[in-house]
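Letter by letter, the chains look like this.
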Amino acid sequence: MSGHVVSVRLYVTIFLTLLVLTGLTTGVAFIDLGAYNTVVALAIAVLKMLLVVLFFMHVRYSSGLTKIVVLAGFFWLAIMLTFTMSDYFTRGLDNPPNGWGPSISAPPNP
Amino acid sequence: MAELSAGSAHAAVHPPGLRHHFEDMEQQHEAGNLGMWVFLVTEILFFGGLFAAYAIYRSLYLPGFEAGSRLLDVKLGATNTAVLIGSSLTMALAVHAAQTGKRKALIFFLLLTMVLGAVFLGIKFDEYATKWHHGLVPGLKWAPDEEMYKNAPLGSVELFFCFYFFMTGLHALHMIIGFGIMTVMTLEAWGGKFSAEYYAPVEVSGLYWHFVDIVWIFLFPLLYLIGGRY
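Residue numbers (this note's numbering), protein chains in the order written: chain A, 5 to 114; chain B, 773 to 1002.
Source of the hints: derived by calculation from the structure; they are not laboratory data.
For every residue, glycine included, the Cβ atom is placed at its ideal position computed from N, Cα and C.
Mixed in with the good hints, there may be bad ones.
On the chain B side, residues computed to face chain A include the following (Cβ under 8 Å) [what the hints assert, rightly or not]:
(1) H786
(2) W809
(3) I828
(4) L848
(5) A850
(6) T853
(7) A854
(8) V855
(9) I857
(10) H868
(11) Q871
(12) H946
(13) H982
(14) F990
Simulated restraints, written as ranges between beta carbons of each label pair [said to hold, decoys possible]:
(15) B:V810 - A:N102: 50 to 56 Å
(16) B:I948 - A:I35: 34 to 40 Å
(17) B:L834 - A:L75: 47 to 53 Å
(18) B:E969 - A:V24: 23 to 29 Å
(19) B:E795 - A:I35: 32 to 38 Å
(20) B:H793 - A:F34: 54 to 60 Å
(21) B:K913 - A:L14: 45 to 51 Å
(22) A:T17 - B:A877: 18 to 24 Å
(23) B:P788 - A:M84: 41 to 47 Å
Please model the complete structure; the sequences and the hints are all you need to start from.
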């Protein structure tokens, strides 16, 4: 009644796409791409997540309000990750320009 | 008798599945889904904190984390990913059956979802048992063979396994809770509680199940794949 009914055919297509992407991400892990291994793995994981959220979880067919709540959730996650990483990954950058005087040292990176 | 006629008069006023505090079925459906998503947002941030901690410690102690990652079984991890994606499909089909008012199909797909969830937990248990056997459980049985971790610093390999057990353990706990929810859904479907007009509990439980699937979609590459499989 209320609520969009997604066709079985679309569900099966999404399922098969997810299986192919799982195979792809597993295969790529055995090829040396340097730092890009992590990038590719995360990109495929995000793509899989989007397929599940949009189709299996019906967000594509949901109201604007639900979409905003979902987006807000990921936005807050992004805030948490960005602020945390911008602290940890800028520690130890303590070579101030000449004339700046000594900096307050962060705990040394191992 | 008076009660009965009052009941049927009542049913004529609004659809049988509609609760009194909602205007109509559309609003009730919207409110239910929105509420579940608000809960799932807290879950996203809950797991997000663990992912953030994992990213930081992985970057700080990369060699140990890569050595630890190589000790996990990719075949079992990939199989479990496929099993969980399969259970998401059967869950989606269960919601579809509920929406179209097919009671038998709904029960069938709920049971199938539980079977696949049980297969996932079984494989996970097998992996845990192997790690126990190899002495790779920090705190309880930590005595890995030197052959296993090669030249990687042992302390950071142990840290990797702390993250491994905490993150997969928390995910497995969510699976077990999901299993309980699906049991209740199956019993209620059996009792004929759901119809094409009222299936909100099935749909909302489905959202939870898919969320747990998404967490694994990230855990699998982060724990098993990245970090020198080649």
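Comparing the hints with the structure gives:
no. : hint                        : in the structure
1   : H786                        : violated, 13 Å
2   : W809                        : holds, 5 Å
3   : I828                        : holds, 5 Å
4   : L848                        : violated, 12 Å
5   : A850                        : holds, 5 Å
6   : T853                        : holds, 5 Å
7   : A854                        : holds, 6 Å
8   : V855                        : violated, 11 Å
9   : I857                        : holds, 5 Å
10  : H868                        : holds, 6 Å
11  : Q871                        : holds, 5 Å
12  : H946                        : violated, 15 Å
13  : H982                        : holds, 5 Å
14  : F990                        : holds, 5 Å
15  : B:V810 - A:N102: 50 to 56 Å : holds, 53 Å
16  : B:I948 - A:I35: 34 to 40 Å  : holds, 36 Å
17  : B:L834 - A:L75: 47 to 53 Å  : violated, 33 Å
18  : B:E969 - A:V24: 23 to 29 Å  : violated, 37 Å
19  : B:E795 - A:I35: 32 to 38 Å  : violated, 56 Å
20  : B:H793 - A:F34: 54 to 60 Å  : holds, 55 Å
21  : B:K913 - A:L14: 45 to 51 Å  : holds, 47 Å
22  : A:T17 - B:A877: 18 to 24 Å  : holds, 19 Å
23  : B:P788 - A:M84: 41 to 47 Å  : holds, 44 Å
Taken one by one, the earlier hints fail for this structure at numbers 1, 4, 8, 12, 17, 18 and 19, listed in ascending order.
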